[in-house]
Amino acid sequence: MGTENFSLDELQQWMQGMLIYHVPVESNFGTNAGAPVEDIVNASQRLSAVSHLDIYRYSYIARLRSCMQSQFSALTYALGNELFQLFADQYLDTYPSESYSLNTLGQHFSSFLEETRPDKEAKESWPDFMIELAGFEYTLSVIFDEYAIDTNTAATIDTPDNMLVLHPVFHLLSHRFPICNYYLEFSQGKEPELPFPEESYCAVIRLNYKLGLFSIRAAQYFFLKRMQETHSFEKAKTMLINEKGIPQTEFDRVWPEWKMNFIASGFFIEQPGT
Amino acid sequence: MPSVSNYRQQIANMTNPGLGLGLRSKHFNYILEHNPPVNWFEAISENFMDSGGRPHYVLRQVAEKYPVVLHGVSLSIGSTDALNKEYLSKLKQLAAEVNPLWVSDHLCWTGVNSLNAHDLLPVVLNEVSLKHICDRIKEVQDYMERPMVFENPSTYLTFKQSTIAEYDFLRYMVEETGCGLLLDVNNVYVSGFNNDFDPVHYIRQLPYESIVQMHLAGHQHCGTHIIDTHDRQVAQDVWNLFALAWELTGGVATLLEWDGNIPDFETCHEELLKAKQYMNHNFQAAPITVQQEYEEEAVSNPVNFLVNEIRL
Ligand SMILES: [Fe+2]
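Chains as they are written, first to last, in the working numbering: chain A, 778 to 1051; chain B, 142 to 453.
Worth flagging that the hints you see were computed from the coordinates, not collected in a lab.
Heads up, some of the hints might be wrong.
Selected chain A positions facing chain B (Cβ under 10 Å, derived; list incomplete) [to be verified]:
{"hint": "1", "residue": "Leu796"}
{"hint": "2", "residue": "Glu815"}
{"hint": "3", "residue": "Tyr986"}
Quick caveat, the model's predicted, so the values are computed rather than measured.
For glycine and all other residues, C-beta sits at the position ideal for the given N, C-alpha and C.
Excised from the complex, chain A in its bound form (with noise of 0.2 Å):
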C-alpha cells in the first residue's frame, strides 16, 4: 500500500512517531513503517521535505526541554545543563506527554531518575539527593496551583492555643539530605554545593498565592505533622511529649519561642467561627 493511502490515523501516527521517537513506530504500519518523508510531505521553495519535518521536530524536543527546565531549575543547576538534558530527554522518551497541561510533564521525573539511577551496582549518594530534589520541585509546583482560598484570619499570638488551626494550604516534607535550604539558597541566586546527607525538615505554606518555604527541626515536624493528622494542639502536645520522651516543663519553656516563629511564618490561622 502506498502511502497517498494513509488514512487520517495513519497520517498522525506517523508524523507524531516522527516528533515523539525520531522513527516511525514500527506497529500498525507494516511496510509503510519506513515511509519516506518525501513521500507524505511536500516540498517548497526553499526546504526539502525532510527540512520542513524537521522543523516540527526540533520544535518538540526543545520546548519541552524548556519545560522541564522552568519545572526543574534547581536540579538543572545541580545536575548541570548538559546532564540535565540528558535526563530530560530520556525522560521525555520514556514518558511523552499524556495530558493537555504542561503543568504536570515532570510528573513522573523523580521516579523515572530512581528508576534510571545510574549507580545500581555500588551505591552514591548524589543520584539520591538528585531524585530527592526533582521530587520537591515537583511538589512545590503541585502546592503552588493546589486548591484553595488563600484568604484566612491569620492567627497572632494572642490567639489561645487551642484555638490554633494550620493553614490550610500547609504541607510538612522530610528529606534525607537539606533540600529545603539547597533550594532555598538557589533561588536566592547563590550557588549551592552539593549537600552531604542530613535529614531535614521543611514547611511549605502559600500564603496570598506565594510559596513559601520554611526549615524546620525534627521535634517541630513531628509536632505539626501531629497537629495536621490530629487538628488539636492538646493532642499533638501530649503525643510531642509521651513519644518524643520531652518533659513537660521543656516543652512548655520551648513552646513560646515555636508559638511566635510558627505564626510569624503564618502557619496558623484561628478557628474559623471564633
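Chain B with the ligand: place on chain A using the hints.
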C-alpha cells in the same frame, strides 16, 4: 440544543471589544495594581483550568474588570483520537466561571494515542479530514452550548494528501458548523512564506463575516523559513496584512500575543496600540520586504506554553 444556524447567528452578533492583550503571568501584578486601559484580555484556557492557586485567582479578578476571551491549545480538533471529555468538561466549567466573549482554539491536532506533543500540528486538508473535523466541531459546540472559534495556525509543512486550500477549508468549516474564525495575520504570513503561498490572496479568500477576532504577533525569520516565536514586535509586512484584513472584515477584536522575551506591560500595550495606525489605512499591496537579518535555532512558541512560574 442550538442548531448550526443558531451558532452562525451568535457569531454574527459578536461585538468588537477593541484592542486586547494576551494575559501573561509576568503581567499579573501590574494588571491587578494598575487596571491598565486595555479593552480586553485573552487567557490561555489550559493555564487556568486546573489552577486552584494564583493563576485562577488572577483570572477571576481580571474577568470582573475586563471582557475576557478563552483561547485554548489542547482541544485537538483535528486528531483521530476521541475528543477528551475531561478536558471539555473543565473548559466548560471555566467558561461558566469567567463568562468569556467567546472560546477559541486552533485548526490543528496535538497528538494521537492519548499522547500530547504540545504543539499545534498541521492537519491534512482534504475532504475526509474536513468531514472528520466538522463532525467534531459540531460535537464540541453542542457540548459547550456555544459556537467555537477556530484560528489558522502557523504551519511549517504541507501534506501531499492535501487537496483543499486552507482558506477554503476554513470557509467550509464555517458553512458546515456555524463556527467563527480567528484570523491570525502573522500566522498567514508565516505559513505563506514557509509553504509558498501569497498571504494577500489567502486573506482575500476568507469568509470575512465569520471572522470575530484577529491575532498579531512577532516572528523570527530564519532565511529559508519563518518561525512563529511571539517574542518581538510585529513585522511591517504583517502590519500591512493587518490593514488589509481590517478593511475586509470592517474591523474586529484585535489582540497582540507576546510569549517569549516578554517585555513589561507598557511595551506590549504600546505595540498593540500601533494597530490604530493601520485601521482605515487603505491597504496598498506593498511588496513583501525581504528581511536581512536571519537567525537560527528558533523554537516555535505559538502560545504561552510555559509551565507555572512558582513565586516564593
Ligand atoms: Fe495566534
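- Query: Does Leu796 of chain A pass the interface hint, meaning its C-beta sits closer than 10 Å to a C-beta of chain B?
  - Reply: holds (5 Å)
- Hint check: 10 Å Cβ-Cβ cutoff, Tyr986 of chain A to chain B: Constraint on Tyr986 of chain A satisfied, holds at 4 Å.
- Task: Have a go at the Glu815 of chain A hint: is there a Cβ in chain B nearer than 10 Å to its own Cβ?
- Result: holds (9 Å)
Hint compliance for this structure: every hint is met.
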